[in-house]
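Number of protein chains: 2
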Amino acid sequence: MSNAASNVANNAADNAADNTITGDALIGGVAVKGAGGSFQATDPALRAAIEPAFHMVSAAQIGQACRLAEAAFDPFRALSNEARAAFLETVAAQILALGDALIVRAMAESGLPRARLEGERGRTVGQLKLFADLLREGSWADARIDSALPERAPVPRPDLRLRMIGLGPVAVFAASNFPLAFSVAGGDTASAFAAGCPVVLKAHSAHPGTSELVGRAIVKAVAQCGLPAGVFALLTGTGNGIGQGLVAHPAIKAVGFTGSRSGGTALMAVAAARPVPIPVYAEMSSINPFFLMPAALASRGAQIAAGFAASLTMGVGQFCTNPGLVLAIDGPGLDAFADAAAAALAKVDAGTMLTAGIAAAYQSGVHKLGAHETVRQVMAGVSADGKGAPALFRTSAAAFLSQHALQDEIFGPAALIVACDGIEQLRAIAESLEGQLTATIQMDEADTEQVRALLPVLERKVGRILANGFPTGVEVSTAMVHGGPFPATSDGRSSSVGTAAIQRFLRPVCYQNLAQTLLPPVLQDSAAGQAWRRRDGALTRE
Amino acid sequence: MSNAASNVANNAADNAADNTITGDALIGGVAVKGAGGSFQATDPALRAAIEPAFHMVSAAQIGQACRLAEAAFDPFRALSNEARAAFLETVAAQILALGDALIVRAMAESGLPRARLEGERGRTVGQLKLFADLLREGSWADARIDSALPERAPVPRPDLRLRMIGLGPVAVFAASNFPLAFSVAGGDTASAFAAGCPVVLKAHSAHPGTSELVGRAIVKAVAQCGLPAGVFALLTGTGNGIGQGLVAHPAIKAVGFTGSRSGGTALMAVAAARPVPIPVYAEMSSINPFFLMPAALASRGAQIAAGFAASLTMGVGQFCTNPGLVLAIDGPGLDAFADAAAAALAKVDAGTMLTAGIAAAYQSGVHKLGAHETVRQVMAGVSADGKGAPALFRTSAAAFLSQHALQDEIFGPAALIVACDGIEQLRAIAESLEGQLTATIQMDEADTEQVRALLPVLERKVGRILANGFPTGVEVSTAMVHGGPFPATSDGRSSSVGTAAIQRFLRPVCYQNLAQTLLPPVLQDSAAGQAWRRRDGALTRE
Numbered sequence: 004m005s006n007a008a009s010n011v012a013n014n015a016a017d018n019a020a021d022n023t024i025t026g027d028a029l030i031g032g033v034a035v036k037g038a039g040g041s042f043q044a045t046d047p048a049l050r051a052a053i054e055p056a057f058h059m060v061s062a063a064q065i066g067q068a069c070r071l072a073e074a075a076f077d078p079f080r081a082l083s084n085e086a087r088a089a090f091l092e093t094v095a096a097q098i099l100a101l102g103d104a105l106i107v108r109a110m111a112e113s114g115l116p117r118a119r120l121e122g123e124r125g126r127t128v129g130q131l132k133l134f135a136d137l138l139r140e141g142s143w144a145d146a147r148i149d150s151a152l153p154e155r156a157p158v159p160r161p162d163l164r165l166r167m168i169g170l171g172p173v174a175v176f177a178a179s180n181f182p183l184a185f186s187v188a189g190g191d192t193a194s195a196f197a198a199g200c201p202v203v204l205k206a207h208s209a210h211p212g213t214s215e216l217v218g219r220a221i222v223k224a225v226a227q228c229g230l231p232a233g234v235f236a237l238l239t240g241t242g243n244g245i246g247q248g249l250v251a252h253p254a255i256k257a258v259g260f261t262g263s264r265s266g267g268t269a270l271m272a273v274a275a276a277r278p279v280p281i282p283v284y285a286e287m288s289s290i291n292p293f294f295l296m297p298a299a300l301a302s303r304g305a306q307i308a309a310g311f312a313a314s315l316t317m318g319v320g321q322f323c324t325n326p327g328l329v330l331a332i333d334g335p336g337l338d339a340f341a342d343a344a345a346a347a348l349a350k351v352d353a354g355t356m357l358t359a360g361i362a363a364a365y366q367s368g369v370h371k372l373g374a375h376e377t378v379r380q381v382m383a384g385v386s387a388d389g390k391g392a393p394a395l396f397r398t399s400a401a402a403f404l405s406q407h408a409l410q411d412e413i414f415g416p417a418a419l420i421v422a423c424d425g426i427e428q429l430r431a432i433a434e435s436l437e438g439q440l441t442a443t444i445q446m447d448e449a450d451t452e453q454v455r456a457l458l459p460v461l462e463r464k465v466g467r468i469l470a471n472g473f474p475t476g477v478e479v480s481t482a483m484v485h486g487g488p489f490p491a492t493s494d495g496r497s498s499s500v501g502t503a504a505i506q507r508f509l510r511p512v513c514y515q516n517l518a519q520t521l522l523p524p525v526l527q528d529s530a531a532g533q534a535w536r537r538r539d540g541a542l543t544r545e
Numbered sequence: 004m005s006n007a008a009s010n011v012a013n014n015a016a017d018n019a020a021d022n023t024i025t026g027d028a029l030i031g032g033v034a035v036k037g038a039g040g041s042f043q044a045t046d047p048a049l050r051a052a053i054e055p056a057f058h059m060v061s062a063a064q065i066g067q068a069c070r071l072a073e074a075a076f077d078p079f080r081a082l083s084n085e086a087r088a089a090f091l092e093t094v095a096a097q098i099l100a101l102g103d104a105l106i107v108r109a110m111a112e113s114g115l116p117r118a119r120l121e122g123e124r125g126r127t128v129g130q131l132k133l134f135a136d137l138l139r140e141g142s143w144a145d146a147r148i149d150s151a152l153p154e155r156a157p158v159p160r161p162d163l164r165l166r167m168i169g170l171g172p173v174a175v176f177a178a179s180n181f182p183l184a185f186s187v188a189g190g191d192t193a194s195a196f197a198a199g200c201p202v203v204l205k206a207h208s209a210h211p212g213t214s215e216l217v218g219r220a221i222v223k224a225v226a227q228c229g230l231p232a233g234v235f236a237l238l239t240g241t242g243n244g245i246g247q248g249l250v251a252h253p254a255i256k257a258v259g260f261t262g263s264r265s266g267g268t269a270l271m272a273v274a275a276a277r278p279v280p281i282p283v284y285a286e287m288s289s290i291n292p293f294f295l296m297p298a299a300l301a302s303r304g305a306q307i308a309a310g311f312a313a314s315l316t317m318g319v320g321q322f323c324t325n326p327g328l329v330l331a332i333d334g335p336g337l338d339a340f341a342d343a344a345a346a347a348l349a350k351v352d353a354g355t356m357l358t359a360g361i362a363a364a365y366q367s368g369v370h371k372l373g374a375h376e377t378v379r380q381v382m383a384g385v386s387a388d389g390k391g392a393p394a395l396f397r398t399s400a401a402a403f404l405s406q407h408a409l410q411d412e413i414f415g416p417a418a419l420i421v422a423c424d425g426i427e428q429l430r431a432i433a434e435s436l437e438g439q440l441t442a443t444i445q446m447d448e449a450d451t452e453q454v455r456a457l458l459p460v461l462e463r464k465v466g467r468i469l470a471n472g473f474p475t476g477v478e479v480s481t482a483m484v485h486g487g488p489f490p491a492t493s494d495g496r497s498s499s500v501g502t503a504a505i506q507r508f509l510r511p512v513c514y515q516n517l518a519q520t521l522l523p524p525v526l527q528d529s530a531a532g533q534a535w536r537r538r539d540g541a542l543t544r545e
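Residue numbers (my numbering), protein chains in the order written: chain S, 4 to 545; chain P, 4 to 545.
Rather than coming from a laboratory, the hints here were simulated on the basis of the structure.
Here the structure is a predicted model, which means the values were calculated and not measured.
Each statement offered as a hint is correct.
Note: identical chains are not told apart, hence a pair may lie in one copy or across any two.
Straight line, CA to CA, 20 Å or less: simulated SDA-like cross-link-like pairs of lysine to any residue:
#: 1; residue 1: K132; residue 2: R160
#: 2; residue 1: K350; residue 2: Q306
#: 3; residue 1: K132; residue 2: A541
#: 4; residue 1: K132; residue 2: S142
Isolated chain S, as found in the complex (with noise of 0.2 Å):
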């Protein structure tokens, strides 16, 4: 990089040094003021706006980000495994160094408990370490090299070589209910990063100031470490415009989302319609199906009951695989699993939800769902202005089958029992539905036999298939697959979290004869032995 855009890095880690949230943009390694109308943070507690204002940014201001990202790409990508995974620790250390004024900030903006935001900062620190490993590991590039074969007839193999290498500048959308872990440095940017793009990052208007802050130590991780100030830059605004802008850019290459169905299609709308497509990776709606299987309903209802009233309520219901719908056969059992749930829920409290608008929205869906003619309320709490209380409905398999409207995700504390008059019914509800991010079947010994003939539907349905235990709760490792068919995401061949997630931002190149000195350094002779390739189609670490 330019001793210049050092110097621009370097002023904008000095300008930050106090934690003082300006209510700017960031852009070129440097604070900016969104050139747009002004917003501000609302504190869904006290439901009082918080200072300072921040302005959307403008058509040339994205443009500008985009720009930049794109002469980043090439020295950012051509850094070694070693010096990005410095990269992302460095951004985790800087993220730490913000202390307590970032948890303060993000408690405010978005009515989260402070455990749950501390344990969210050691999430998000975590996934940039394990990116980290990752890197170091190196199989990510997945190299593969076929052996010249000169003597081959009717005509030799030429010296084929492959490796992964990034898709170039990514536009990531921060999330709503997770603002840190799925936000400015969360999953996405982690993953991008990792794999050797630049990040222009769209923060969520409701929690500006959060994202602002967390921004900022990006920012100062990319001076640190001697990067191009283009590797990211943090756009401020309200609405779509700046995201559909944004993804319309011809220097983005690709998209990460977590939000909902409406924006998430949106931009894959927008993504279509571009000259050159780009490939969009929105996690958008789930209902994580929770099947009680006969003989654990049996023997375990009640126990099954308080687990998933927790479950449900966990962060005022406010997961992406939170399980709002119940499937099991009806019967004695199931109505003793309902009461039980029901006791379990009306011990809790409404709580408040992120913002106004979630929370208006939750309470506008308990409210459509109740009214359906087929649909029995259980229990529902009361939910004040901007709070969420627990509700619990159910209704008959064959109402489910026949109104597709009883799919649609209420995203909070909300669930639907569907009653089955047998197992035929049950996988036929299963078949019926549509992708999700989890299943999950609470099940004892004798049920084995009734879950492995559902284990090929839900295969073909989710992402993740857990047994005996509840779906939020989120491991990022390895294994993970937080993705699914639409409309659980976009596009049902990623995960979100985890490992696999970089695989999302990468894409082959092949080198037919090239020189040693002109390959890159993975797919060279002289790397034998420090990396896993695959040699004439065999994985081994010579």
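Using the hints, position chain P against chain S.
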């Protein structure tokens, strides 16, 4: 499968024991006449219709094929690696068993010579066997196990296991220019089968008889291996309606296509507009830039010209990787190259093209390119009706940069030389290019540093970078990438040739705390040592 289904499939196998081409579609393992209007293949050399008549399938027949594929998906993907490998090998054996009838029919329908088609059959059989080997090796499943950590605080880690499964039924579109290797049992079908996905194949209307023969070979293999008949269907017809109906069908979960940019983008639009969008892997349009670096041009320009002319005219230029764009620095070296290439091309007669439509489009493309004010014709042979003769044009870098239409692919043996005023302009041209399948660099050692500066640009633009070779002739192997950013393909994250092609049709599923007996075999503890797996992040055979 049921006995009834098995009998049906055996009947179909028996019907075709004599290699008679009946003009039928193949649905549910039986030969059925398309319910719509009739069409016939044309011998492009004789310009005469070939018997028998084929018929357009109806929407109901498309639906039937798709529903059978949907029903076949679970049993087909449940097969062991060994069983699916044996199926692929049986398909290969059945293709060979067609004997010379296949070659004779393909020659008549395509105008391609015997040696080329015999080679293409070898490649087709070879790639089926390559995918069989890949299945037996097993690492395609990307098995991952994260061990449970019951003692971890604050929350235990569950047992998490991931593997890849097929996406579901795949719609495959046969290509005009590879009646065997990219058609009924070509790379798309082989990789989809390997992934456990049934295939509904839209035969190309230019070679329906070849398609029926190969389709019957697959139907026989399906029956011989005792698979559900819905694993494969062959649909017959002309025009766009059948393909669009096929891509729109809810049972179809992915699309493989090789053809024109307009055809591919039309299918992309259909797929994106579905209630449940699906991935499209369309291999479309590429002009395959061919860089003549200064030292190589000076030392061996004439030699390169001979190889270039041979590559450009191979198969009458009807390869996806045909080198249609030559980039070099202006001067006597480039003049000498152009003269030598023109002399070599002048010795190549006009060749019969695949179809009258392709020949007409070629002649129109050549005419249009020559009509540009800024383009000079270096040589052009005489393209008689149905035939294409070589053509070579020249323009300046400034003209090329200012007229995007000069990047349009002309499918056939035509190339455009772009003369640059220096290395920076050469790099600017590279930066201006759309996505490509390949880029070729002719270089001597003295060109190394200039190539090094060019490589990052090419990595962003193309799927395969070749040094000192020619782009035609695509190896089917582990490290091959036959893909590239849009519009070379619809999805630059993929390759349609080589073992990487399987990844297009896979998605991950995670299992959390499932009992051993319910886990898929590759994830059971007892599979340790039998397949590569990633345990707690580390690749191991245990």
